[in-house]
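Participant: Next come the chains, spelled out residue by residue.
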Amino acid sequence: MMAYLPALPNPRTGSRVLTASLPFATAFLVAALFVAVLFVPALSHAQEASRKDIDFFETNVRPLLVKHCYECHSGKEQNGGLRLDFRETTLKGGDSGSPLMPGNPDASLLVKAVRYNNQDLQMPPKGPILPSEIAILEEWIASGAHDPRTMTNTEGQPMASPKGMSIEAGRQFWSLLPIANPKLPSNKSSEWAKTPIDQFILDRLERENLQPAPTADRASLIRRVTLDMTGIPPTPDEIEAFTKCESPNAYAELIDRLLASPQYGVHWGRHWLDVARYADSNGLDENIAFGNAWRYRDYVIQCFNADKPIDQFFVENIAGDLIPDSNLESITGTGFLVLGAKVLAEPDREKLVMDTIDEQLDTIGKAFMGMTMGCARCHDHKFDPIKQADYYALAAIFKSTKTFGDTNFGAIKHWHEISFADKAERESLKKVNAEIAKHQGALSTFKSNAFNKLRTQVRGQAADYLIAATKISPEMTLQEVAAIAEPTGLHPRVLFHCRRQLSFQTEHPLFLKWHEFLKANDTMQMGEYYRDLFQRTEAALADAKKKDPATKKLDDPELEVARAELYNLTGFLAVPPKPEFAFDEATLQEIGKLATEARLAESFAPDESAVMGVNDGQVLTGLPLHIRGNHRNLGDVVPRDFPEVMRPPHESPILSRKQSGRLEFARWLTSPNHPLTARVFVNRVWRWHFGKGLVETTENFGALGDRPSHPELLDYLARSFVESGWSLKELHRLILRSSTYQMSIHNEATETAAIVDPENRLLSRFHPQRMTAEQIRDSILSVCGQLDLRLNGKSVPLRNRQFVFDHTSIDNTRYDSLRRAAFLPVIRNNVYTLFEQFDFPDPTMPTGSRNTTTVAPQALLLMNSELVINAAKRLASQVCSSVSSPSERIDLLYREVHGRQVSPHERERALAFVASGSSSGESLNEEGAVQENWFLLSQSLLLSNEFIFIK
Amino acid sequence: MNVQNEMSHIHLENHNRRWMLKNTAAGFGYLAFQSLLDQVMGDESTELRGAERGPLAARKPHFEAKAKRIVFLFMKGGPSHVDTFDPKPLLDRDDGKPPPFALPKVVFAAQGNLLKSPWKFKNYGQSGLPVSDLFPNVAKHIDDLCILRSLHGSNPAHGGALLKMHTGSDQFVRPSMGAWVTYGLGTENENLPAFVTICPTLAHGGMNNWGSAFLPAHCQGTPIGNASLPTSAASVKHIYNKTTQLDKQRKQLDLLASMNHDHFEENGREKALSGRLNSFELAYRMQTAMPEVQDLSRETQATLQLYGIDDPITENFGRQCLMARRFLERGVRFVQVTHSDSEVQWDQHSDLVQGHSKNASEVDKPIAGFLSDLKACGLLEDTLVLWGGEFGRTPTSQGNGRDHNPHGFSMWMAGGGVKAGYAYGATDDYGYYATENKMHINDLHATILHLMGLDHERLTHRYAGRDFRLTDVAGQVANDIIA
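Sequences listed follow chains A and B, in order.
In the numbering used here, each residue carries its 1-based index in the first sequence increased by 2.
In the numbering used here, each residue carries its 1-based index in the second sequence increased by 1094.
Since the hints were made in silico from the structure, they are not lab data.
Treat each hint with caution, since some may be false.
To be verified - Among chain B residues calculated to face chain A with C-beta under 10 Å, some are:
1) Pro1198
2) Phe1266
3) His1298
4) Thr1316
5) His1357
6) Gly1362
7) Asn1372
8) Ser1444
9) Asp1523
The structure displayed is predicted, hence computed values, not measured ones.
We put the beta carbon where it would ideally sit given N, CA and C, even for glycine.
Generate coordinates for the entire structure from the input sequences, incorporating the hints supplied.
Facilitator: So, in structure tokens, the structure goes:
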């Protein structure tokens, strides 16, 4: 945003491209500087300007600038980096260069802007200034643009220095320093710390005179670790076995069992899907189905279950199509790049492409590097050492990548997919498509036939409508009109509309007579006149068509006027375009039936086997810097490169001219030396285990982000993770086996901790966590015996690219599947209510740390939704049919839901509740009331804090 | 996103308070939470007494507000300005001729020659401002309206334009206007949401148009039904329990509270566990509060007639408007009413006469009735009424219709401290481009916030390393329209 002179020597390689050697400076700034250098000497001698010139400026020009320009281009604000309140800054210009070419008004941007001829350059934004004012500016510039407003107290450095971090300072910023190899601290007390993690944690606690909490009880521990690793609670049997087992290996074995469960991948894969802003529909402007996104989802789950090395996983996400042994699996990974929300109907293709690249860079920056790259699209990052040139150096790589296909549906562009259908499949799809077209054809034929039939009928009664119209006034309500229309067999809405048209068409030749007859109050004559006219018209038309079926018009001018109006679809006999308003119930039902058939035929039709993914496109070795992010205001070309601050000063990458450079970028990103990738990832994993990251801002490791609570531990984890071959399961073991993870949520010494460390960032106890949306749903279904644990497969009930929402706003997506929540459709713009209410992340932005909010609609959902009511009913009936005594039923219910024994007090309370009377009085018999009470008791347990919280 | 962000503009003196507030971002009614906390926490809750109220509690604006609440009558599809509030004599004169000006570089579709308005304009009221025959009833209120004739945006497609109008961004998911207002001002009724949207469209941005994006969840709009449902069938999701009677549910919630109370005690009064307790109470109360607002049965026959609820053509939108008044008078901060049907709404690429006639006849009387009613009950003074679509339509033709035009279009405001009987800005002679006192959508947003007592440059929220605003880096208040 700020324009300032490049002060640094050439930090980039070579000087082949101007902007590469001056990474801060846009080409226009360079140009601006050039202009300034040329003209400043001539003008710096203010005395050369005559008194007359100064007077002209003061009387005419300065007031104009103050009036029209200063609001946005002076001390307070410098939009576009332009400041017009001093001579020096005016000449130097802003992001688009100098506004003045003294002596040449036509070539001056200022004049071009105020002339308002160029749609991309119009100032002031509120509307053009007066022609006389334009003339003043032209005259001023023509005569040399003399300007006495020199700056004081500056030495040619008019703008405030930038706030952003320099590359040099950036290299010293904590997250960009190389990953350290911290020494394990030694602790005062030795028995608690079992792993290096514990040593780091205990070291900090001891320094604050805090003590770690004791180990959680066995029941809490197995519930915590099972929900943490698989997203569903342990079964009562599992809890019992674990709490009773005395083997010292019980916990380690439990961890191994959980890591081996396929449900592990479902839960942890879903964590990554938060980061990957996964969704099954585009959202944003045109919400159409990502019918093949599920293949990416399944790929992620499989990778996590297989413990695919995370560096390899990352490379596949960015460049799975370019790796040497590329295959369908690795290509599926590149779905990551295509899953973003796009403005698919954006008519400006170039803008769409750049907006999409922006979305990709923003996502990549946040997901892998914890950097807000998107901020550098329009200007150097205001806080972090990311320059605008860094942005376009990466953008060049992604502009060489095809994220869009070559096809479209009307205004809607198609994202890129890679088909792996064979010939036979393609052939069979032709049949499927024909079948869908047949259904859609049947619907539209039926509709248009119905409309035609109605129109013909109405046309036959044309004169009757005109007569009936005399009986009503344009102000009458539809109901009043209906009372007149219906007894005479006329369509109320058509008559209603007809009357409005007539009052509106006072000068139309066909209706002149109508208005005359109306005045004369002579409907008899009116009827005769129009019946005769319309009969003659129809007869003449039929005759003419006999001779020539293509006849459109009649020769007789009088009849032609009548014909044109009779057949005018929006004329006085217009039929309502909305079927609900036009047709009777039977016709509407048939339309509804056909529409549903057509929709279902499409929804359940097989898609062509394909994955969302990218390929290289035309390879660009560089991309012009877009001044202020505007694709129509291009600066100098920036060559492909990686963010300068993250690589050694003089090691600009060498990228293949035959490829986009994505593969090199992905490998650089996952190299052991990259300061951010491993740190950001292990921090995410920590967040998902503990509910808070060591760096709380999981997507921001920049200047405005959080600082790590335990920097050495973060580096230890990152290093250990890379050393393990980027094995996530190893990392889980490291964390889960620590005493830190196994701490209770209680600490006797809470009082001290509450003062020293109120946020528990030092971890003197475990953070209690509310379950996530998916955990809540899956756990409810799980304890009620309804959860379907199958993996894989398409689950969004829409065909690829089918509209999720069109103009109708009808929501056809269903969420009643009993499969795990990770397999429910994620529909952007209309996220499943349960997800939305319980802090499911916005599926358009990478999210590593979900919120935990408490809002009343959550309670409404748990109290009143079918999902919970059905589950509770099922639970109650299972319990009631298993055992018969109320006391035993209560035992069983607590065991199933909470996995524990019921206390005497709880049993008593539950017995009293079950025995209480029915609200519905007579409508339910005693037995029914009791049954209802069992259901309500079951539901209460599912709603309780004990169930919803993990401790 | 970071929970900490949620409270970034509330300064708290001690960590306990901050902690409590962070973990009890209850959507409705913080006071009820406090009284419950009294029972649950005994002594501990006294330290909360002096603390700031919940995140939805009414907050002071940056400066004195002209408007306390706002209602947006949104006409989905893009009503034509040259056929409603912006007459163009030269368009009449040059009907059928090619446009004598350059079309924008990017247009939504091919455009034909100039098409004059099929409607006549008449001057109304003391102000003598012209309104077309499409809005004979609204026209009677012309002396209360402030017509904005120089709106312009950037996106010519519905999706982008809706998002731009509602969130200020047609490229990213950003908090909606209503969410920002809620964020800045909270609500005056603790049993109702601060921001409701009645029968919104699910297409073209869907819930993003009333979403909170990275603002706290309690700022998001609560949809009542959607555009595919008649207003009479619209309700908040899960507001009714089809299985359990209210008194029975009351007993169930008492049982639940008792269970949660025990659990709270057994877990050392772990504070994280206290947040959910009151949300059930509030939800329970909402079950009666919400239907009460929506229940129009106690309105007089005269009122129903005023809104056109007695006529099938105006019934649906009339209900929406009347419901809006009921929300507004109960202290709801931001109400959106959407006029949208299951066909093409105001999007008359063809059949301009028929389509616009139908649409206008559905909303004209209800809007006029709504304005009369707001005035009669004294609400209009400090309620900002905003009317308009996501863009206007071109003065050039597309068959017998008009294309999208984001380059110049009209909206109007009423009440809430704007000049009455006033027209602001202008489009060119044909109505294609805004030319005088141009008002970009960002400027509109800045002006709306200003009228609500909020400085659009100060109403910020830090997210992902940046302070975000509704107006991003743009927006200027149109001071000329302020009374």
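Participant: The structure should be examined with respect to each hint, and the outcome stated for every one.
Facilitator: A quick look at each hint next to the structure:
1. Restraint check, B:Pro1198 versus chain A: the minimum CB separation of about 6 Å is within 10 Å; hint holds.
2. Interface restraint check for B:Phe1266: the shortest CB-CB distance to chain A comes to about 8 Å, inside 10 Å, so the restraint holds.
3. The beta carbon of B:His1298 is positioned within 10 Å of a beta carbon in chain A (closest approach about 6 Å), and the interface hint is therefore held.
4. Interface restraint check for B:Thr1316: the shortest CB-CB distance to chain A comes to about 7 Å, inside 10 Å, so the restraint holds.
5. Interface hint at B:His1357: satisfied, since its Cβ lies 5 Å from the closest Cβ of chain A, which is below the 10 Å cut-off.
6. With a cut of 10 Å, the hint placing B:Gly1362 at the interface with chain A holds, because the nearest CB-to-CB distance is about 5 Å.
7. At about 9 Å, the closest approach between the beta carbon of B:Asn1372 and any beta carbon in chain A falls short of 10 Å, and the interface hint on this residue holds.
8. Because the beta carbon of B:Ser1444 sits about 9 Å from the nearest beta carbon in chain A, less than 10 Å, this interface hint is met.
9. A hinted interface residue such as B:Asp1523 counts as satisfied when its beta carbon comes closer than 10 Å to some beta carbon of chain A; here the least separation is about 13 Å, so the hint is violated.
Checked against the numbered hints listed earlier, the structure breaks hint 9 alone; every other hint is satisfied.
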